[in-house]
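Student: Now for the letters of each chain:
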Amino acid sequence: MSPVDPPVTPPVFLPATPPTDAAALLTVRGLQKSFGTTRVLESIDLTVNRGTVLALIGPSGSGKTTILRCLNGLDLADGGTIDVADYPTVSFDAVPGKKQLTTLRDRSAMVFQHYNLFPHKTVLENVIEGPVIVQKRNRAEVTAEALALLDRVGLTEKKDSYPFELSGGQQQRVGIVRALALRPQLLLFDEPTSALDPELVGDVLRLIKELATEGWTMVIVTHELEFAREVATEIAFVDGGLIVEHGAPKEVLRNPREDRTRQFLHRLLFPF
Amino acid sequence: MNESSSELFFSSIGPLVQGAITGTIPLALASFAIGLVLALALALMRLSRRRWISSIARVYISIVRGTPLLVQLYVIFYGLPSLGIVLDYWPSAIIAFSINVGGYAAEVIRAAILSVPKGQWEAAYMVGMSRSRTLSRIILPQAARVSVPPLSNTFISLVKDTSLASLVLVTELFREAEQIAAFSQEFMLIYLEAALVYWVICLVLSTGQGFLEKRLDRYVAR
Ligand SMILES: Nc1ncnc2c1ncn2[C@@H]1O[C@H](COP(=O)(O)OP(=O)(O)OP(=O)(O)O)[C@@H](O)[C@H]1O
Ligand SMILES: [Mg+2]
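Heads up: the protein sequence lines correspond to chains A and B, in order.
Position 211 (the first sequence) corresponds to 211 in full-length UniProt numbering; numbering is contiguous.
Position 1 (the second sequence) corresponds to 1 in full-length UniProt numbering; numbering is contiguous.
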């Protein structure tokens, strides 16, 4: 168990104050990943500045989830480098050490498509597990912060419930709170609403939108173009393990430069 | 049942129950406890990415499951002394049953660990946990719930299997029954009575299993 240096502590008027200051928070260079003989990420280059909300769009199987998982160290890339904030660059040209992976996980927190809450822990326990057990922060302090975060997403009365007692939308909001409680610099979302019933999508999207306006740096994989257009400050189109096009939402969605982007958008807008 | 049989029946209850309380139950409990620890270690070995570690566990499990318990018992009881290791009846019996339970329970625990969705490992890693902490705090508690029914079955089988210990002279329920039967020549009556005591013990255990499952169910949707 490696000791964890807590992420740069945001100012005390928590909860959920994103770290601020300009310049690149995340820099990815030549990231490659294969599963067996299948090349899933050809070579990903990506820079995300602080406060940027980057939406990753692209066809199924293009590698969007894999990018996020590599950023969080859940999958080990086979080549390339990842740089988060002012921490040492993690290089995948040789197998990175445990410590480097820990660095990646410390800097970023992920919200999963299927929530992945811990079913044997209550909502509050889910949220404080990482900060208390891993980051070794003071339990009382973390609990107060967690309660404030839960309050903010309207789940105060659910703090002692188990995940199975919550709707999908509530579970996903807990998933987001669990990520925030880790005090990450970077929030990663993998299709956070795609497992939700349509009437529950709104609450979760609204919360993500709020976080965006507060200045959190986020990378969001999504199929909701409308949401991407509204919330993202940048959109990147992923296809065949490459970032084909990356720019302002208006440009990418309205005037795509690349044929592949155009075809993808056309198929999304006119599926039949 | 004539008068003397019924008298024998009632006078035998005491020794049989005593055999259960001082022999069968402690033997089963001790073997199960040690066997579980062994099983957990074997299950984790089986899941190791290192080939040779998982191979050792696989071979162990295969041998235990592929040979009769009675033979295992005899090997420990009569075999070890020939190697110069002389143990008392009790420790030998406990070792033999633990080895056996370890092999069976290992597969149960391994299956239970594998039944926990991959997303649970990922969420734990995401919040920064190491592999061992993920196992102890996230995976095993969930695996425990899944393994209660099959492990209860293993335990109930074990309670019944301890009757084999009578063959290596451990004083437990069945050996008590044998002695009473031999003395009184009422084989049918006494062996049926012994069966009855085993049955009652297993009924109690099944009820306990139900309670345990319910308790562990508190976070599972029904
Ligand atoms: N663990 C794995 N083993 C083998 N292949 C994998 C694994 N994970 C992903 N892949 C493959 O990698 C490719 C990219 O997968 P990925 O999940 O990143 O796509 P995606 O863009 O997120 O797709 P979707 O929009 O359907 O979620 C797919 O072809 C997938 O089958
Ligand atoms: Mg995906």
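Simulated from the structure, these hints should not be mistaken for laboratory data.
Mixed in with the good hints, there may be bad ones.
Result set (EDC-like, lysine to aspartate or glutamate): computed pairs, CA atoms no more than 20 Å apart in a straight line [what the hints assert, rightly or not]: (1) A:K136 - A:E157; (2) B:K118 - A:D160; (3) A:K209 - A:E224; (4) A:K136 - B:D217; (5) B:K118 - B:E107; (6) A:K99 - B:E213; (7) B:K118 - A:E199; (8) A:K98 - B:E122; (9) B:K214 - A:E165; (10) A:K136 - A:D151; (11) A:K99 - A:D83; (12) A:K136 - A:E165; (13) A:K121 - B:E107; (14) A:K159 - B:D217; (15) A:K121 - B:D217; (16) B:K214 - A:D160.
Some chain B residues flagged as far from chain A (calculated, every beta-carbon gap over 10 Å) [unchecked claim]: (17) S48; (18) V75; (19) P141.
Every residue gets a Cβ at the ideal spot worked out from N, C-alpha and C, and that includes glycine.
Student: Could you run down the list of hints and mark each one as holding or not?
Tutor: Cross-check of the supplied hints:
1. A:K136 - A:E157: violated (26 Å)
2. B:K118 - A:D160: violated (25 Å)
3. A:K209 - A:E224: With Cα atoms ~13 Å apart, K209 (chain A) and E224 (chain A) stay inside 20 Å; holds.
4. A:K136 - B:D217: violated (30 Å)
5. B:K118 - B:E107: holds (19 Å)
6. A:K99 - B:E213: At roughly 40 Å apart (the allowed maximum being 20 Å), E213 (chain B) and K99 (chain A) break the hint.
7. B:K118 - A:E199: violated (28 Å)
8. A:K98 - B:E122: Roughly 15 Å separates the two Cα atoms, so the pair holds.
9. B:K214 - A:E165: holds (17 Å)
10. A:K136 - A:D151: violated (23 Å)
11. A:K99 - A:D83: Since the Cα atoms of K99 (chain A) and D83 (chain A) sit roughly 14 Å apart, the hinted pair holds (cutoff 20 Å).
12. A:K136 - A:E165: violated (29 Å)
13. A:K121 - B:E107: The given pair, whose Cα atoms are some 26 Å apart, is violated under the 20 Å limit.
14. A:K159 - B:D217: holds (19 Å)
15. A:K121 - B:D217: OK: K121 (chain A) and D217 (chain B) at ~12 Å, within 20 Å.
16. B:K214 - A:D160: Holds, at about 19 Å.
17. S48: The claim stands: S48 (chain B) keeps its Cβ more than 10 Å from every Cβ of chain A (closest is about 17 Å).
18. V75: holds (41 Å)
19. P141: The assertion about P141 (chain B) is violated, with a minimum of 5 Å to chain A.
Hints 1, 2, 4, 6, 7, 10, 12, 13, 19 from the earlier list are contradicted by this structure; the remaining hints agree with it.
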